[in-house]
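Q: If you read the protein sequences in the order shown, they are chains W and B.
Counting in this note's numbering, the first sequence runs from -11 upward without gaps.
Counting in this note's numbering, the second sequence runs from 67 upward without gaps.
Source of the hints: derived by calculation from the structure; they are not laboratory data.
You may find that some hints are simply not true.
Taking lysine to aspartate or glutamate pairs in the EDC-like style, the calculated list, with each CA pair at most 20 Å apart, reads [said to hold, decoys possible]:
1) W/K43 x B/D681
2) B/K677 x W/D42
3) B/K479 x W/E126
These are the residues of each chain, in order.
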Amino acid sequence: MKKFQQLAIPYIVWACIMLLLPMLLIAFYSIIQQGNSIVHFKLTLDNYVRFFTDKDFLLILWRSLWIAIKTTIICLLIGYPIAYFISKNSPKVQQILVLAITLPTWINMLVRTYAWIGILSSDGIISSFLGLFGIHTELLYTEAAVLIGMVYNFLPFMILQINTALTKMDKSLLEAAQDLGANKFQTFWKVIFPLSLPGVVSGITLVFLPAVSSFFIPKLLGGGQFFLIGNVIENQFITVGEWNFGSAISMIMAMIMMLLMMLVRKLEERNKEEK
Amino acid sequence: MSKDKRVLGKVGMALLLVFFYAPILFMIIFSFNSSKSLTHFTGFSLRWYEAMLKNHSMMESLYITIIIALLATIISTIIGTITAIGLSKSKKVLRAFVSQVNDFPIMNPEIVTAIGLMLLFITFQIEKGFVTLLLAHIAFCIPYVILSIMPKIKSLDPNLADAAMDLGATPWQALVKVIVPQIMPGIVSGALIAFTMSFDDFVISYFVTGQGVKNLSIMVYTMSKRINPSVNAISTLVVLLITITLTIVNILPIIRKKTSPSKQNKPWKWAVAGVVVVGLVASLFGLNKSAGSQPYAGQTLHVYNWGEYTGENIISGFEELTGAKVIMDNFDSNEQMYIKVANGDAYDVLVPSDYMIQRMMQEKMLQKLEPETRKECLGELVDAIKGLPYDPKNEYSIPYFWGTVGIVYDKRKVSEEDLEKDGWDIFLDQKFKGDIYLYDSERDSFMMALKALGSSMNTTSQDELNAAYNWLIQCVQTMDPEIVTDEIIDNMAQARKALGVIYSGDAAYVMSENENMGFYMPKSGTNLWSDAMVIPKNAKNPKLANEFIRYITSYDAAMDNSSYVGYTSPNKEVMEELGGKGGDYDGINAYTPRAGYDKDEVFQYDETTRKIIADLWSRVKVSASNAH
């Protein structure tokens, strides 16, 4: 058996270089001065101070979180009933519906987002349709467009996660609840919903995470004046060239995500313990 | 469920499917449109498919996407499987460590993983390109493979391998014949996840690639600024490919079950592997077929140029002439180009603007042109752009295009008197609130503000720069502008807004598309710019680069370039022909630049001012986005 143990060693070396080292490098670049090399450097916290003392950057961070929260809520409100509806069908129909939802995700995200540009533009189908009722709005390059793009890209994750949780559920529990006199609403609220929570939680993380850091959806559908935190990072690395400041912002974002993840895991654990 | 609810559910489900599929359907429909419009279908045509097939950087992006996805899937599945088996027998600490580290790419925002890998490659000076792209893809795929195999291994009987070996199997046989078949479902689903992740990836690829190696996502991202229905055509092709693959994957097992009920599935697997390998080799040969008798046959030229800046037949013309292959990569700003080149990306020809050339010369990043190139090209050029201050003897650079910056306006909404009266200040006029475009260029935005305030655009005075900053802040906070780059071209050609800051060549194109559009250069002066071809020090093929520069300056190529793109040609004959009577741009004032006006200036490079402007402009953009 010892022989098999060694099989993991190459990957451990690889993971240290390709996964661990990059994170350490970001952390390192974020605490040295602009223009320092990896051998000669001066430690500083200026990059962090700069971010946290500038209300404009903080506002963008807040807006990125806020739009991700909105995306997540919309996905949950649409995703849950849909997942519930799917789970009520026969296994065969379920399979087809799940496939129908998965299929578009196989097509490149950028390609699918690009497709929305024509639909949302001011002489596109949506605006023309609204124009029939005398409503004239510009959709492309607004927050609404970004929100639509995000929901479009991330909603399938939510539906699939919740659906998996719902179908895995032990059906005899529902019968038991009904036998014990629970009405439909009670069965749902006291039995089904709590049991589907793990799916909801993983759905939320799968939507929220990419939504916070997305930068091509705001760029394609929000236009150049629509900056989210991902765009600020991209801008620092691609056009401004201040990598140290960019690294600091990346670290801040990674930290926020990690804290949120830990919180979610804590909640999940507590949930399990209660049961 | 009651009947009403069922109906409600069905309606909801149907609406959702419309939401998911309508954009894809739209994309497919408009890929067959006969005009450029993405909103009005004018008739059936295959012209965008033709354009796609001709555009070999587009076809290559598809090829790279598929090759990278296949290689990354195969490699990460093998390594992932071996590692997962090894880990299951390892100490708990080690297992915990690996699962912690594997969580990085899964739990971190993608952009963080991307930046980490980019910093890794740059810090250790690994040239970015195909190899780094592949390494990065393998790196983020393996954790998913391990994650999907681990549970299957845990549910195995731990004594299985021992039993096999007791019965005389070698450890290798035990592994391949006993363990692997047991965990096959996990391996297959891991491979599927890896393929999807790699095929779909944009963010990580975008940061770690170089040398003009682009996957489909990067290509769509860089092309999304101009309306280009060939993007729809290639997307439709992808939809088709995926549909075919999924159908085969879903149907084959059914056929297999029918034809061979026994469990002998090995020949089938070998057949698939064989097809994949043959396909790979065939496509490799397909791409390297151009080994003719021309002088540069088999060589490659890497060009880094602005987006939408080359005539239709420029690249194919040069390839036919020399036998070399041209890989063109695009940037949207001088700064973006500079960062990439300064960090070791090797290109043979760059096309930066005046002040950036000055900077690169100061930083000794450029090499001199061959004397013949200089002599031959100078003979063709317009006098006004020979020997400009940044390179007085044209030792390093030969102009590619030149022009000014001005205001493109809708004649039906904006009067000439208003423009005369306000000049650049028209971008602060409340009458046009919500109806203006600014251009996302730190230099030209500050140029506009400084000129509006009567300063020199090359000022180094902190007060004047601050005043310009306040002017821009006032503009973004009170005028609700859209800050765009090349999107302005198609949008103004469709008269989407009243006013916009624009480069003269783009204005020439807009005016030739829509006669209601005009171009105005404020009296307070503007930027007289030129973009020129230079050869960086780290160029791999300077000889071919010189050849390219001579080719671009020659009459035929310059004609194709300028008549297609709309920017002013540096070639004297071409400029006079196109701007003169009967030329493509006859009567379009934007085509022939205002030369010799004393308030117009050429940008000069100053390190301190550059930093200040870069910082202030990113704050203007942040403030603009917070103003909404």
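Q: Please verify whether B/K677 and W/D42 have alpha carbons no more than 20 Å apart.
A: Judged against 20 Å, a Cα distance of about 18 Å means the pair holds.
Q: Given the hint that W/K43 pairs with B/D681, test it: the Cα-Cα distance must not exceed 20 Å.
A: Roughly 15 Å separates the two Cα atoms, so the pair holds.
Q: Is it true that the CA of B/K479 sits at most 20 Å from the CA of W/E126?
A: 18 Å, holds
No hint from the list above goes unmet by this structure.
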